[in-house]
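Asks: Here is what each chain is made of, one letter per residue.
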Amino acid sequence: MANRAFITVDGNEAAASVAHLTNEVIAIYPITPASNMGELADYWTSRGQTNIFGSVPEVIEMQSEAGAAASAHGALQAGSLTTTFTASQGLLLMIPEMFKIAGELTPTVFHIAARAVATHALSIFGDHSDVMACRSTGWAMLAANSVEEAQDIALIAQAATLRARVPFLHFFDGFRTSHEVNKIEQLTHDDIRWMIDESLVQEHRERALSPDNPVLRGSAQNPDVFFQAREASNPFYLAVPGIVQETMDRFAERIGRQYRLFEYFGSPSARRVLVMMGSGIGAAEEAIERLMAEGEEVGLLKVRLYRPFATEAFLAALPATVERMAVLDRTKEPGAIGEPLYLDVVTALAEGDFGGSVSAESRPACRPEVYGGRYGLASKEFTPAMVAAVFDHLKEPQPKRHFTVGIYDDVTNLSLKWDPSFTTERGDVTRAIFFGLGSDGTVGANKNSVKIIGENTPLFAQGYFVYDSKKSGAVTVSHLRFSPRPIRSTYLIEEANFVACHQFHLIETLDVLKVAARGGTFLLNSPYAADQVWQHLPSQVKRQIVEKQLKFYVVDGHGVARETGMGGRINTAMQACFFALAGMLPRDAAIEEIKNAIRKTYGKRGQSILDQNFSAIDLALERLQEVNVPAGAHAMEEGGTNGFVSFQTNDDFVQRVTAAIFAGRGDLLPVSAMNVDGTFPTGTAKYEKRSIANEIPIWDPSICIDCGLCALVCPHSAIRMKAFPDSALAGKPGGYQSKTWKDKDHADYLLTIQVAPDDCTGCGVCVDVCPAKSKEAVKHKAINMEPKLDHLNRERENFDFFLKIPEFDRTRAKVDVVKGCQLLEPLFEFSGACLGCGETPYLKLMSQLFGDRAIVANATGCSSIYGGNLPTTPWTKDKNGRGPAWCNSLFEDNAEFGLGIRLAADQQRDYATVLLKQFADRLGEIFVSELIESNETDEVSIAAQRDRVARLKRKLAEFNEPKARELASVADALVRRSVWIVGGDGWAYDIGFGGLDHVLTTNRDVNILVLDTGVYSNTGGQASKATPRAAVAKFAANGKAIRKKDLGMLAVAYGNVYVAQIAVGANPNQTLQAMLDAESYRGPSLVLAYSQCIAHGINMTRGMTHQKTIVQTGLWPLFRYDPRLAVAGERPFRLDSRKPTLRFKELAEQEGRFAMIARSDPKNAERLFAMAQKDIDDQWHYYEQMAGVEREIEWSGAKDE
Amino acid sequence: MHADLSTTYLGLKLKNPVIASAGPLTGDFDSLRRLEDHGVAAAVLPSLFEEQIALDEQRINAFEEYQTFSSAESLTFFPQVKEFSVGPQEYLGLIARAAEELSIPIIGSLNGSSPGGWVRYAKLIEEAGAHALELNIYFVPTDPNQSAADVEQRYLDFVARVRNAIQIPIAVKIGAQFTNLTNFVPKLAKAGADGIVLFNRYLEPDIDLDSLQLMPQLVLSHRHELRAPLRWIAILRDHVSMSLAATSGIHYAEDAIKLLLVGADACLVTSTLLRHGIEYVDELRRGIQQWLDEHQYESVEQLKGSMSHSNAPDASNLERANYMKALVSYSPTT
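Quick note, the sequences are listed as chains A and B, same order. All letters in the first sequence, in the order written, are residues 1 to 1201 by the working numbering. All letters in the second sequence, in the order written, are residues 1202 to 1535 by the working numbering.
Note that these hints are calculated values from the structure, not bench results. Just so you know, not all the hints are guaranteed correct.
[Said to hold, decoys possible] Derived SDA-like pairs (lysine to any residue); straight-line CA-CA distance at most 20 Å: (1) 1283(B) to 1166(A); (2) 1108(A) to 1416(B); (3) 1163(A) to 1290(B).
Assemble the whole structure, with the sequences as input and the hints as a guide.
Replies: This is how it looks when you write it as structure tokens:
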């Protein structure tokens, strides 16, 4: 028997490793939380790792999940063992193909990290709503409930599908299983070979399409035979349960772990039994063990094979003593009698009762009552306490037939109460929680710790990591368990005997010690030494330390990191302290193991990296100090710091709901707090005041030249520009600064450039672009990054005052120049986007220019996350309450979704026009014709039309008749709506291209803004068709081999589409002009906006000035194509950038995405760089010719023109 | 009968005094082979910069670590890469191949930045098969608390450390800015240096007047730059027995002759080969040969040092008088 290794991996890796070993073709498309499976498969293939048959699997990234499933279908039909990985909407996109694959009895396994399907909102988190949507496809469905099972069941599914010919969905819970790191026994290649019957693989090949043995498949059938043909596959489905059980038995024979179609856990004489599947089973088993120890007769029936539902096996697995059952579904089907598993259980029991297909001996000896519950939607916590609550509820005389657990439902009162003090954690388990930032390496270090303990000691180890949804200053919480037994605790740690806070400021904003167990250990990364730290702690923290009698340690992790050259990466220092204090290994052995782990992890990165890490360990241990906690009441005397000022608002909903979510109390909100249809107010990001910057830009008016560039490029709208009359300064704070505004039309006006100190992320982009330099010291500019704490109080006062100064009159602003447009109020502010984000400045500019009449259709991606992920949104309103209305539908559908918005706006305007004509005599012919014929082209005409509409509504109110009310309801549409269809290149170039292409041909007035980072940014840098040649990205690990798709020219080819390619950092004026042109064009406009991204491997502080290099190399030529020019007899294509003056190679040296290939594979890099240069040369040549092209565009009469 | 061009440098017997100094031409094997074909006597490979290696390592590390595990949806932003060619492997590979396949001596060159780094990389270069090692020591002191003696001691410490660690000959390449080279250079010899290369040319930045930014730019040497090594080799020749090599501004055979006259054992050339091509080595060799033959010298050895400070007929011109004379001779004539 094989000597198997114990490894620590997450569920995705566990499943993907089997999939890669047992398949020949892997077609994928990234989607959270399944992306990592495809990435790992691609990585293994790029390293030449073979499958068990000895060939390297082909991995291909497709344009969508529909494409991945379709190519998988093709590969299967051609006889290759094929798989894919997906989740949520991705799985839904595969459904049409899945019907085909099953209908053709094709053996395959798709591995699913089960995730919520988007409904009232998107959620990236785990539940079964996606897999449940596949019930009718004819696929077998096998559930894995833990990391180890994700490996085992992946193999069992693969072996079974080959025998059964029925395709299998192998699913496990997104995040809870896919991202949990756990110690598992690794299957060997021989184990896998033992399970896979090669003769069945050959049979699969023999059935394949081949010209040597031609057949027809996928015919069209008429009513005469379709039905019979559909029934012909029945025997295969009937055989599946038997085959799966036999496969499980074969697995057990060799590996020792015995799985069954339905597995019973608990008391053999249980009276109350749960039925469920998925990761929640871990929590349920723990609860049952405790309840049984307390004498309760309870049990759990685990569903392993969900489809085909094996009724007899199900009934056979039930103890005869069961009186009541609760079937727990991790999904919701509104309108159904119950959720799917519940319905199946009820039906199975009924069939047992009624006889039917169930044999006499399988009929249930019991007649249990069945209740259905929902739990854990979108990774809602599911704990042993909740399980206990369900069992308790089953004792009630009249339990709720349908209930929920895990929330407080005060609307339909379906929820069960649970006792949070019910815990199953055992004393011999080390439970550690770490609070850190995404950027400080805490999670990486903790994954490492799990590995060190898991792979070097007999202890079992588990790691689970919680991230907030910000892309800058994101907080991470790591939950680590170390136990002498395998760890099934599939829920967050509620009481930790070790708590570490890796960032001092987090003790001011988070209740980090809430989870600390009495007598536990608290490690704080503190700039203050042990004898000084106490006076700097918030009172609440002091109280908890004293009351819980915590052992309190400090280490200056940042000092250690700084002194050892590790910058902000405090991970190594903090990890060393954890090992020194946690006591799971003798201190010296622990430190040696960390060093070994560092050698493994960082060895290939060079000696200097190893030296740094080793020094950090040694120095951290030297600096680790125990704090002598002051005794008694004296301990609380001195108040600590608390700079937390967020959520000062009078808005009831925001205060009640948004603020609670922000403060981490979202779990406590009842159902009644939620809007019923997913609607939220805009303008809420401004309440967060995250204050994450260490340095902020400080203005020096004596140097400023009023250019407005700083405000234009600020990714977070945290630098503002305002011009105002002198009189506006009455009551200004002492430190408020202003200067004379150089504008001949406003000679008496002053100007202020103001930072929002708590909203700035400290990225420094504004300072980088500032062109005004001091004559005395050149490095001093008109704005300069300075330590925030030196300026915070003053700038807070200043910003508050600045906001009170009236906004500049839009009708008087020169919006077609940068300094003019930056006077307009941004209606997109303080997003959670990355430091230095290249996308957000475009959205902000759009919101300034058109936001007060804009509707935004936003494709899923980075922009939908920083734009619409709770708790807040950066989209906001002006003082009139106007601002962008925003909606994210899906990823793939955004162009069509946005088109629908346009159609409705146009239809409403048309309808208003019809009604206006009916009221013409009473409203006045001239007034009505002004309203109808208004052609809003600038702020003055827009303001005039708004006035007319206001007058119209006042008049209509007087009429008090149905038609008048009807007209009033559509009157706002008489002011031209600005429809913006926004998304990234993954959407526009790949998954949404078909729809985008169609929308371009409709001639409707939509503005499509593509925030082009050249990569799938949100899911972690996978290549898209916008990825430039030679760039390294996931699925292009050896450098992208194909040139970037020229989306702009594809659109130009239509003739009637306004197309612009812009880069705000390279040419702000061209960007501004293009945005104005696009919006004013009454047909479809496509604006491709160059957006730097952290996935480019550049210094994001210099991202905007770096755009100049991008344009100078010709990688991103600037152009505008305006059909109106062609109609006017001019050349429509204008090249706005100069002939390239830099070689691609010079750019390649400056960007990690290009440079890394030069380092990893210099020969290939040389070849790709040469090709990339050729692409540029060729494209430039093509564009130069385009600039001379004349066209005769047939003006098809875009609406309203 | 032709004069014998051979010379001894760092104890290495060279067939002529022309050495290709550290630069782009010695950075790849193909051009090294061409240099050999055209008759250079030895080649100094470009400097292995510890600082550069560490910087690369840091950059790649930062690149791989940047934003990892910071978001639930994107645990990383780049694909895993098997390995990056950071560190000295490529450089050491070049030394090994050149030492193996070429017949001329291969001299490694090292610029360390940490005490451990000097020793570690020196050993690696020796192990790779270099016949000698040139220590390219320089740094720009900006700390006013650091005295001239401190700076010199730093050089001496580096040399001593490396001397203790390796067996092959060591040359030290220094800049001209020392208070008294006749005092300092013998100390270097005592610390273990077998030779001195005069002088290093620093990367001196320019200013872009449009952007008001400092622009680091390396420019090729000019011929007048050979005057400094010429003077100092002449003076040092009388004080030390170690090897002396000249670098900077050696563009023509006549330049080499002059330096050999004052006592150089070898002449290191780069700029002139970059300007005229590798074939120009032939020209230099022929020029030296021709001059020696025409002037009836038997050998380079005979020529070397025949105009050192003590052997020159008007040695005061190597000192301050040189300047005096220049002023006088520059008087306007009527």
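Asks: Hint by hint, say whether it matches the structure.
Replies: The hints, checked one at a time:
1. Taking the CA atoms of residue 1283(B) and residue 1166(A), the gap is about 18 Å. The hint holds against a cut of 20 Å.
2. For a cut-off of 20 Å, the pair hint linking residue 1108(A) to residue 1416(B) stands: about 18 Å separates their Cα positions.
3. Between residue 1163(A) and residue 1290(B) the CA atoms are separated by roughly 16 Å; this keeps the pair inside 20 Å, and the hint holds.
When held up to the earlier numbered hints, the structure conflicts with none and fits them all.
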